[in-house]
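Residue numbers (our numbering), protein chains in the order written: chain A, 2 to 124; chain B, 182 to 395.
Honestly, the hints are just simulated from the structure, not real lab data. The structure presented is a predicted model; accordingly, all values stated were derived computationally and were not measured. Even glycine gets a Cβ: it sits at the ideal position worked out from N, Cα and C. Any given hint might turn out to be false.
Unchecked claim - Using C-beta positions, here's what the derived DEER-type ranges look like:
{"id": "1", "chain 1": "A", "residue 1": "ARG7", "chain 2": "B", "residue 2": "ALA188", "range": "52 to 62 angstroms"}
{"id": "2", "chain 1": "B", "residue 1": "VAL206", "chain 2": "A", "residue 2": "GLU63", "range": "23 to 33 angstroms"}
{"id": "3", "chain 1": "A", "residue 1": "ALA10", "chain 2": "B", "residue 2": "VAL191", "range": "11 to 21 angstroms"}
{"id": "4", "chain 1": "A", "residue 1": "TRP62", "chain 2": "B", "residue 2": "GLN225", "range": "16 to 26 angstroms"}
{"id": "5", "chain 1": "A", "residue 1": "THR71", "chain 2": "B", "residue 2": "ALA264", "range": "24 to 34 angstroms"}
{"id": "6", "chain 1": "A", "residue 1": "HIS89", "chain 2": "B", "residue 2": "ARG209", "range": "21 to 31 angstroms"}
{"id": "7", "chain 1": "A", "residue 1": "ASP68", "chain 2": "B", "residue 2": "VAL206", "range": "18 to 28 angstroms"}
This is what each chain is made of:
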Amino acid sequence: MAGPVRVTAPLLDVLEVFLQAHREGQQLHGWAILKATGRAGPTIYGILDRLEDADWVTGQWEDQPADANTPRRRLYQLTPTGAAAARHLLVARRPATRGRLARQPRPGPALLRRQPGLGGGAP
Amino acid sequence: MTLRQLAIAVAALVVARLGRLTLRVSPRLGVRLVRWAARLRYRQDPERAAMRAEELAALVDERPGRLLKLLTGLGFALHALAAAGLRARPGRMPPPVARFIKGLAGLLVNTLVAVLTYEAIHIVAPSGRWIIWAVVFVNVSAFVVALPVRRMFHVAPRPELGVIVGFATAVVIARMIGVGVGAPAGSAAAVVTIVVVGVRGRRRRRATSDLEAR
Numbered sequence: 002m003a004g005p006v007r008v009t010a011p012l013l014d015v016l017e018v019f020l021q022a023h024r025e026g027q028q029l030h031g032w033a034i035l036k037a038t039g040r041a042g043p044t045i046y047g048i049l050d051r052l053e054d055a056d057w058v059t060g061q062w063e064d065q066p067a068d069a070n071t072p073r074r075r076l077y078q079l080t081p082t083g084a085a086a087a088r089h090l091l092v093a094r095r096p097a098t099r100g101r102l103a104r105q106p107r108p109g110p111a112l113l114r115r116q117p118g119l120g121g122g123a124p
Numbered sequence: 182m183t184l185r186q187l188a189i190a191v192a193a194l195v196v197a198r199l200g201r202l203t204l205r206v207s208p209r210l211g212v213r214l215v216r217w218a219a220r221l222r223y224r225q226d227p228e229r230a231a232m233r234a235e236e237l238a239a240l241v242d243e244r245p246g247r248l249l250k251l252l253t254g255l256g257f258a259l260h261a262l263a264a265a266g267l268r269a270r271p272g273r274m275p276p277p278v279a280r281f282i283k284g285l286a287g288l289l290v291n292t293l294v295a296v297l298t299y300e301a302i303h304i305v306a307p308s309g310r311w312i313i314w315a316v317v318f319v320n321v322s323a324f325v326v327a328l329p330v331r332r333m334f335h336v337a338p339r340p341e342l343g344v345i346v347g348f349a350t351a352v353v354i355a356r357m358i359g360v361g362v363g364a365p366a367g368s369a370a371a372v373v374t375i376v377v378v379g380v381r382g383r384r385r386r387r388a389t390s391d392l393e394a395r
């Protein structure tokens with residue numbers, strides 16, 4: 002299994018957010034990840050590059066917005082491989098994550114988009 | 182109203198006008214900056230560059246507030262520039278280009294230091310013991326400006342040191358006789374110095390290569 006080259010604190014933050022969204026069957030876009038992690042944009046997109054290259058995350062374009070001039074957002078979700086690896090990594094590096102994930106409130110609908118075909122229950 | 186007060190009032194008006202204009206165009210500017218940053222960041226991967234360009238434009242679009250949109254664009258642009266700079270390490274560039282870039286960066290920083298030093302001296306000693314401060318300024322200027330200029334044009338130290346000391350002395354003398362000089366004069370003098378030193382360095386290199394050819 003290919004993995005992100007470097008494990009850093011921002012990477013773990015992003016994985017936590019992705020795991021939370023994965024548990025709830027939701028897809029994340031860049032702005033949602035930025036807000037949830039509080040990290041800088043270039044940092045987040047650098048991590049997304051690494052995660053996509055490692056096949057931990059896949060992205061797809063959202064449907065064309067009503068206003069054709071509005072640029073489309075790209076929505077990301079963990080792959081099954083990525084989810085397992087992220088869980089493993091977080092448990093190893095941040096033992097408190099499991100409990101925190103269970104306690105975290107669900108992100109608001111403005112930030113996240115429900116992923117079609119997933120019920121939103123625990124994986 | 183004195184001329185100085187009038188100048189400050191005009192400058193304030195210009196700054197306010199520029200500020201409003203910047204705010205008005207900042208969303209578009211932010212989008213342009215992130216698109217450019219994506220192209221720069223992913224030069225080796227055009228497909229990802231196009232993808233990120235649209236995605237980042239959407240990100241800027243979502244940011245609340247005009248200023249934040251611009252700041253987002255600036256952040257991505259600066260990051261892409263830094264990444265591009267790291268990729269293009271001097272070792273990979275032709276040595277003259279690398280030397281010129283390093284020299285130019287040093288010159289910009291050092292010119293700023295020289296000008297600030299000059300302004301600080303003027304504040305500390307507006308009159309009176311100016312000779313001591315003038316000597317300090319000339320020496321500081323010569324030191325901080327001569328080094329990067331030497332690196333840029335790869336010429337021997339003595340001639341351009343003379344030019345630098347000359348221009349610094351001229352600035353001090355102008356100050357002494359009451360001509361209003363400051364940052365603009367320092368910057369202009371730095372530009373003149375670059376041109377003079379560059380022309381002299383090129384002539385010297387040509388002369389050297391002619392001699393070697395013979």
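Taking the hints in turn, this is what the structure says about them:
no., hint, in the structure
1, A:ARG7 x B:ALA188: 52 to 62 angstroms, "holds (53 angstroms)"
2, B:VAL206 x A:GLU63: 23 to 33 angstroms, "holds (27 angstroms)"
3, A:ALA10 x B:VAL191: 11 to 21 angstroms, "violated (49 angstroms)"
4, A:TRP62 x B:GLN225: 16 to 26 angstroms, "holds (22 angstroms)"
5, A:THR71 x B:ALA264: 24 to 34 angstroms, "holds (28 angstroms)"
6, A:HIS89 x B:ARG209: 21 to 31 angstroms, "violated (44 angstroms)"
7, A:ASP68 x B:VAL206: 18 to 28 angstroms, "holds (20 angstroms)"
In summary, the structure is inconsistent with hints 3, 6 from the numbered list given earlier, while agreeing with the others.
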